[in-house]
Amino acid sequence: MAQTRVPDDHKSKAPTAAERRESDAEQDELLADMPALRPPHQLRLRHRNAILRIAVSLQPFVGDGGKGLDLKPDDPRVGVLLDVLADVDDFAESIALDKEAYIAWAVDAQNDHFMAILNRYASAVGE
-16 MAQTRVPDDH KSKAPTAAER RESDAEQDEL LADMPALRPP HQLRLRHRNA
34 ILRIAVSLQP FVGDGGKGLD LKPDDPRVGV LLDVLADVDD FAESIALDKE
84 AYIAWAVDAQ NDHFMAILNR YASAVGE
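In terms of this note's numbering, the sequence shown has 40 at position 57, counting the first letter as 1, and numbering is strictly consecutive.
Possibly wrong hints are sitting among the right ones.
[Said to hold, decoys possible] Beta-carbon label-pair distances, calculated as ranges: (1) G62 x D95: 31 to 41 Å; (2) K55 x R21: 14 to 24 Å; (3) E83 x D58: 14 to 24 Å; (4) R27 x K55: 34 to 44 Å; (5) V61 x L35: 17 to 27 Å; (6) P22 x K55: 20 to 30 Å; (7) D66 x I86: 12 to 22 Å; (8) G109 x A19: 28 to 38 Å; (9) T(-1) x A69: 10 to 20 Å; (10) L28 x T(-1): 16 to 26 Å; (11) S106 x E76: 17 to 27 Å; (12) A19 x P59: 14 to 24 Å.
Read the hints as simulated data drawn from the structure, not as lab findings.
The model shown is predicted, which means the values in this text are computed figures rather than measured ones.
In this text, a Cβ means the ideal position worked out from N, Cα and C, and glycines have one as well.
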């Protein structure tokens, strides 16, 4: 049986160490003023499973190579994505060391903040 060759420009590429460091630095900057959350290594099973479930639900939205989201503003899936980000907010509130401080911070947080929380916790829990 013949194998199908995937063109080089269509192959998923794992991020390099430099790209990971840059992404981590961007996330650190976004979340610098966020009140403390329980660290990933202290999460109970329910919380670990919750963040992994949220991360898996985001997979249909990830573009080629896992870099960025592949959605246009008029895409009907935008509503689903917004629900995913709301789930991240609920997750973060559930592990906040000071829930009231987290809620006050989250009121002004943008979607990028919640994506950074998701990336940070899903990566740490998935390791």
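Here is how each hint holds up against the structure:
With their beta carbons about 18 Å apart, G62 and D95 fall outside the hinted range of 31 to 41 Å. Evaluation of the 14 to 24 Å hint for K55 and R21 yields a failure: the beta carbon distance comes to about 36 Å. The hinted range of 14 to 24 Å is not satisfied by E83 and D58, whose Cβ atoms lie roughly 35 Å apart. Checked against the hint of 34 to 44 Å, the pair R27 and K55 passes, with Cβ atoms roughly 38 Å apart.
A beta carbon spacing of about 23 Å between V61 and L35 agrees with the range 17 to 27 Å that was offered as a hint. The given range of 20 to 30 Å is broken by P22 and K55, whose C-beta atoms sit roughly 36 Å from each other. At roughly 19 Å, the beta-carbon separation of D66 and I86 lies within the given 12 to 22 Å, and the hint holds. For the hinted restraint 28 to 38 Å between G109 and A19, the CB-CB distance of approximately 21 Å leaves it violated.
Remark: the range hint 10 to 20 Å for T(-1) to A69 is contradicted by a beta-carbon distance near 32 Å. The hint said 16 to 26 Å for the Cβ distance between L28 and T(-1), and at roughly 33 Å that hint is violated. In this structure the supplied range 17 to 27 Å holds for S106 paired with E76, their Cβ-Cβ distance being about 20 Å. Distance hint for A19 and P59: a CB-CB separation of about 37 Å, inconsistent with the stated range 14 to 24 Å.
Of the hints listed earlier, those the structure fails to meet are numbers 1, 2, 3, 6, 8, 9, 10 and 12, in rising order.
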